[in-house]
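Q: Each chain, letter by letter, is given below.
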Amino acid sequence: MNHRGSFGRRDTTPFSVVMVKVRRLGQRVLVATGAVAVLGSCATNAPQDTWQPKGPNAKMIDDLQQPVFAVAGIIGIIVSVVITYAMWRYRDRGQPIPEQTHGKPALEITLTVIPALILAVVGVFTFRVIFDLARTDDTELVINVTGQQWWWEYDYPVQNEWGITQPIISSGQLVMPAGTKVLLRETSRDVIHSYWIPALNGKRDAVPGRIHTLRLEADEPGIYAGQCTEFCGLSHANMRMEAVALSKEDFAKWIANQQAAYRAPAEGTLAKEGESVFLNQCVRCHQVDGLKRPDGTLAIAAPDENVWSGAAPNLTKLMTRNTFAGAMFDLLRDACRDDVWKAKSAEFGAKYLAGVDETCLNVNDLRAWLRNAPEVKPMYANPALLADTNGKYRGMPNLGLSESDIDKLVAYLLTLK
Amino acid sequence: MAESATHDAHVTSTGLSNVKLGMWLFLGSECLLFGGLISTYMLYRGRVSNGPTPEQIYDIPFTSVSSFVLLMSSLTMVLAVSAAHNKDDRGTNLWLSVTALLGATFVGGQVYEFTAFYNEGLGFTTSLFGSSFYTLTGFHGVHVTVGIIMLMALVAINKRSKVPGSKSETVEMIGLYWHFVDIVWIIIFTLVYLIPV
Amino acid sequence: MAIIERPAPGSTVPALTPAPPAITPARTYGALRRPVATTGWKSWLFTVDHKKLGLMYGATALFFFIVGGLEAVLIRLQLAAPGGKVLNADLYNQMFTMHATTMVFLFVMPMAAGFANYFVPLQIGARDVAFPRINAFGFWCLLAGGIVVNLAWFLGGAADGGWFMYAPNSGPVFSPSHGVDFWTLGLQIAGIASLTGAINLIVTVLNMRAPGMTLMKMPIFTWMITVVQFLLLFAIPVITVALFLLTFQRSFGAQFFDVAAGADPLLWQHLFWIFGHPEVYVLILPSFGIISEVLPVFSRKPLFGYPFVVFSGAAIGFVGWGVWAHHMFASGLGPVSVAVFSLATMAIAVPTGVKIINWTLTMWGGKLVFTTAMKFAIGLVVLFTIGGLSGVTHSVAPSDTQQTDTYYIVAHFHYVLFGGAIFGIFSGFYYWWPKMFGKMLNERLGSWNFWLMVIGMNMTFGPMHILGLQGQPRRMYQWTEARAGEGFFNLAFWNLIASVGSLILTVGIGLFLINIVVTARSKVRAPLDPWNARSLEWMTSNPPKEHNFDSIPHVHHLDEFFHRKYEEDPTTHTMREVATAEEVLAELERNADKHIHMPSPSYWPLVLASGMPVVALGIIYSIPVAIVGGLIMLYALYGWALEPATAPESDFDSTSNNGHAVGASHG
Amino acid sequence: MFKVGSKLFLGLTGFSTLTLVAYLVFVERLALGGVALSMVLAALVGLSAVIIMINDGDSEVQPRDAALVRASMWPLVTVAGFVLLVLGLVVAKVYFIFGIVVVLAALTEWLVQAWSESASDDAAHNESARRRLLHPIEFPVIATLGLGVVIFAFSRIMLAISKSAGAVAFIVLASLVLLVGAIFALRPALKTTLVSGICVVGAVGIVAGGIAGQGVGLRADLVEALEEGHYTHRECGEEKSKYFDKKAMKTLSLRTNPIAVVELRDGVLSAVMTGFNDPQKSVSVPRGNAVTFIFRNFDTAERRMVASLGTAMAVDTNTEGDKEGHSDTNETCTQLIPQGAEQALTIVYSKPSIAQEAPLTLTVPGVEGQAIEVVVP
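Residue numbers (the numbering used here), protein chains in the order written: chain C, 80 to 496; chain P, 12 to 208; chain Z, 1383 to 2049; chain F, 988 to 1364.
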């Protein structure tokens, strides 16, 4: 059996095997413990960090998962250590071939029961949390959320107790009162999307033809990042969302402003010309409530005739939001944006309600978007390839606007707040 | 595939011949195929956004008759199998042919039913009911047709083979298949036609 | 078993023929004869030999492994930095769809099928599988399916809906290219391969075991394969239904997933995952089987708690059917179903844990020899443990709603499928190579191959845990600086690490390919029993003769081969050698069976399978073509059915006959 | 290397290539004909490959005596086919196509027989060779033809005669088949002539019936149904309509997560929606989105729910099927359903409420002063 033994010798020594096991182990330990330690404190993590709950629902999940992670980590370490030890202790040192034992049932069963018990405990807690997270009876504010390729629409149904006397439609940023139990009623206009604000709660799919509910509640005013997490086609990566929590007073102000009547720009201004450009081009899909045609009739957008999903963002109060194009771009230029994002929760409300003005407008991205939207965000907007959708676009097409038109439009859009 | 009868010459660990065991396994898997199709139909039963509803066009007396015919074909299949066991090739071929004929009348009935339904306004793309109904019953119809073709081929092969009863194994195997198809139809008839929506 | 007496050489052709020199049927038109070649390319094209087919499965799988690997590398390159420009959105979507599809359906499954085809008959002491022709048919179906799925690359873009192909995003409107059509039809065809293979192997295992081999004396690899085949037997029809519904919707305007008609998109998810979750075990169990063979051999000790491993495997097979909805915790099933499936998922962790415990205890108290095969096996145990534990964290449904569809999941199932399935397969390569080719893979290169793969694998997928917990979703063709954060856990750094790791991984696998070439060129033959192995497949020559065993061994123990070589010392209870492998083999050859009859090759499996892609293309482009394809298949089916069980002697070409090569086959 | 066979097939291949090219250039691009021709080409390429692979399928020695060559009916059939073909050119396309089929079939048979007969000096072997090549075609073709005839003829008969008569005819036919089978089985001594006679009679009978049925055409009510499209109308009045309300559906198998469940309970109409703790009077519906309402009737009388689709026409998925625009009154509705029953209604409101003159509503005919307002922002 010499040739046989020689294979055992020829390969790297068991010691180095041990070393690498240790190295790999180290990495795991680092991630496990390091994660717990660092994530707890450091606030500079990615804005979608799942281990920094900012509301009771997310907190519930976090409290459940932390111990599970810990237990899993420990078990992982134990197993690795045992294996490593066995590899070193029983390596071939020319000992005789051992007795051919076929196992010890008692040991087997013990080692089976222990993990079963651990899991049973975990199961009990899991069970409770699942049902707590599914409650809808304690809702204080209902918001309808509709996903479509590749942006979210928020619709606040009439709820007089919040001063919502006529339906409000918004997009890009979900504005909600802090410390309030908000319930989202999700659905979709085309494919399945998934609504996810990690800091506030887990994700819930928005499925066409079905209404799914998701509880959101933020402890503090602030802005919380999220992203569509169900693969939804070409621009899935660019379908983002932000939840904005305002104090109840600020929220009331926001509501009031959203319901305020449309103020047409003054005659003779650049914005006024922009309005007519808007009426010629954008109004085909984009609704601006209260906007009238020259003949005095209400301008009613017809996205159902031009876009497959049958909807396009309502731009009535565009400049009260900080994002556009499905939250892919910011309306604020970086300095102003950081000012809002990093604001203390006390000043946050005021800064957010200030909205976007000429000095803070992220004019480059906005112009690029108006110049040729499909170029900056992949969308099915090639007129040649619209056979299956009988001519309707999926996303915003290239409108071929002239630079001067764009100037006018930007001026006009700035008045929408 | 028609397996040759020479298998039973060999002793197998289970005592069951490879061919028969294989057919049983295949039918086991077929159960899930029809399971999936039936669940799809049951899920969409009430969803008629356009065109007629199930109860409006189902013709229960007719379907009962065709179900009965299919059951009869199961009986004749049994006779064929027993004849094959008795190495009675004439009987085998006879009953196989009768089974095939009955099967053919059943399929003919299905063709009639489909045509009638289409005329009454239920197309494949009319409604979820249409899509799932035609898919389910269509799949079953195809299974029956395949069965018939197998039966006819078997008759032909039988006539060619010199050794009497040499194909008894194959007859038995195709018998299994045929009975399975019948049973599936009974389930479809009950769940799809009889249970009111 | 499918074997028929072949006429003894020199038997005269029927009396009808006048005296020579006449045209004997033996020299008649080639096409009118059954194929008989046992060498040369024809012998591969028309073969029904389970070993040849096993190798063909393996070669095909390896090819698709390289394809899928390159797709993966492209994906990592795209994501190495924010706003990647390597691929555009459309191409990226096709890339990750096809990466998953290729790896799952065209690499791991066929590779397992290859090992199963080659070694199950050998391990149970059979001379072939139950239905050799169906076996060949299965392989050609797989190849056809793989080709059809990938054909889309050249015909207007591959499938772009993700391997889960959720409706309605897979509908004609949202995926206008033909990619999805090719995908559905290709998988449909490949599915036939899995189904026939399942029936074939189950019958083989149940019916064709060597005398004395009870089910509980069966090698563990064969056991795991059997469980897998049962999973396939019942899972494949479900995906078949789903694929049919999708095809009917896309090609014939059915409304199954048309929400405007009142359809429910969740129907697809249920059908897909009822197949999809058992599929996960279909991918991993064969590797479990392989290392359960390798660990005992190189621990010089039987598998610890063999019955527990068997039953835990079976248990996984059963419970695996009750957990599919844990892929849908975020789909809005309602709390009750979520709770139930959450608990079921935790339950399935237990039998999996049992296996890990048993592998560890197998090594405990052994005599460990660290060959490359052994290293890969141990690698599997450790890496799979990590993957399994991260799996437990999202069996907790609420925490899963935070993790699902993020890179945490990607990390999880790559630890399970790469660290699990693929490490097992590589362990199998190094362990069985001498058996399959009579040459040993180079151990030094193997060592490099292993370490590079371990390091690369952990560098690629380890960081993905962090990326996921930091909230980076999957299936994004780009990630942005704006959501990357700073500090130790910032996405930019770990994405880069992962991409670098993927390159190291590539080098590691490249080394394996080099190793194959080096080995193929070397002159050194492998010793008869290089590893001091334990099970039946080693009780024959390397590579095995076409008829596998000169005489079918009678089995008395699990690890029969080992117990023929060793005896227990009554005093010390240690084992001492009583016979070398050569002696054991000589013993078998001494009383070799007189007449050994093997199934003969056939044209029909190939013809039948070749009809299918024609049908597929027909459905996509023009129905008449589909009909032509159908006719080809009908013709082949009848030709198959009518192929005489006992081929007339005139079918044999007495000149081109070497050994016991020919005779009629069935199945 | 290249012998007769390969030369022949390679020639054919080249020829068909040219044909295909010519066809694509002069006739039409990527149409049925092109597909067919390319299939032919593919087949020929394959055949040539096989022929060459099997070293031209030539035996080293040529058969000496032609004594083995037996009488063949194929030449005759081929001629008959040609006659049909010519006839078809003058009379009708059907005969023409039929002729082509016959000619092709006969030629194939002829070719293979000739080939096999010179395969070797062993007639038995030659015959078996011919069988192996042709039976896989002959059997399924014959089987399919027989099957097709029975199925077609029978279904025509059923379509011609009335519903009840159909059921009877069905059972009669089946029992006849059984009976005859039984007789044959019980009387093994039966003369084969008699047996075949009976079979022939039966076959002729069914075919004749089929032709007759085809002549008679569909039975009246089917024709009427086809012309009037009974079930595509939705009559949303208070009274019961003849077809639309016939045998109304009472249960739903798929009732999860609708936008609202509209309940009619002691004369009061209310919408139950997830997220709202108490019943609502108005439902907010995303524009341009397919939404499903479920209507539950707890009233003793039979009721239906009617959804007004507004003056700015909404796409009503229920009549999307037929663009003749059946729902002339701009509304859609469920069937008239009894107490305790429920039905679903899927609608897409593509225009917002502000575009409508009257508010969008869900109402129940016969229940006054009760309406759910549908708000489409």
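Honestly, I wouldn't trust all of these hints.
Claimed, not checked - Restricting the straight-line Cα-Cα distance to at most 30 Å, the calculated cross-link-like pairs of lysine-lysine (DSBU-like) are:
1. C:Lys332 x F:Lys1227
2. F:Lys1233 x F:Lys1150
3. Z:Lys1424 x F:Lys994
4. C:Lys471 x Z:Lys1467
5. F:Lys1268 x C:Lys327
6. F:Lys1150 x P:Lys98
7. Z:Lys1434 x P:Lys170
8. F:Lys1234 x C:Lys260
9. C:Lys471 x C:Lys327
10. Z:Lys1467 x P:Lys31
11. Z:Lys1599 x C:Lys183
12. C:Lys421 x C:Lys327
No lab work stands behind these hints, which were simulated from the structure alone. Note that this is a predicted model, so its numbers are computed, not measured.
Q: For every hint, state whether the structure bears it out.
A: Consistency of the hints with the structure:
For a cut-off of 30 Å, the pair hint linking Lys332 of chain C to Lys1227 of chain F is broken: about 53 Å separates their Cα positions. Distance hint between Lys1233 of chain F and Lys1150 of chain F is fulfilled; the C-alpha atoms sit about 18 Å from each other, no more than 30 Å. Taking the CA atoms of Lys1424 of chain Z and Lys994 of chain F, the gap is near 22 Å; set against the 30 Å cutoff, the hint holds. Taking the CA atoms of Lys471 of chain C and Lys1467 of chain Z, the gap is near 28 Å; set against the 30 Å cutoff, the hint holds.
The straight-line distance between the Cα atoms of Lys1268 of chain F and Lys327 of chain C is roughly 27 Å, inside the 30 Å bound, and the hint therefore holds. At roughly 43 Å between alpha-carbon atoms, Lys1150 of chain F and Lys98 of chain P are farther apart than 30 Å, so this suggested pair is violated. Between the alpha carbons of Lys1434 of chain Z and Lys170 of chain P the distance comes to roughly 36 Å, so the proposed pair goes past 30 Å and is violated. This hinted pair does not check out: Lys1234 of chain F and Lys260 of chain C have alpha carbons roughly 46 Å apart, beyond 30 Å.
Between Lys471 of chain C and Lys327 of chain C the alpha-carbon distance is near 41 Å, which puts this suggested pair outside the 30 Å criterion. Between Lys1467 of chain Z and Lys31 of chain P the CA atoms are separated by roughly 58 Å; this puts the pair beyond 30 Å, and the hint is violated. Using a Cα cut-off of 30 Å, the hinted pair Lys1599 of chain Z and Lys183 of chain C holds, with the two alpha carbons roughly 18 Å apart. About 20 Å separates the Cα atoms of Lys421 of chain C and Lys327 of chain C, which keeps this hinted pair within 30 Å; it holds.
Checked against the numbered hints given earlier, this structure breaks hints 1, 6, 7, 8, 9, 10; the rest are met.
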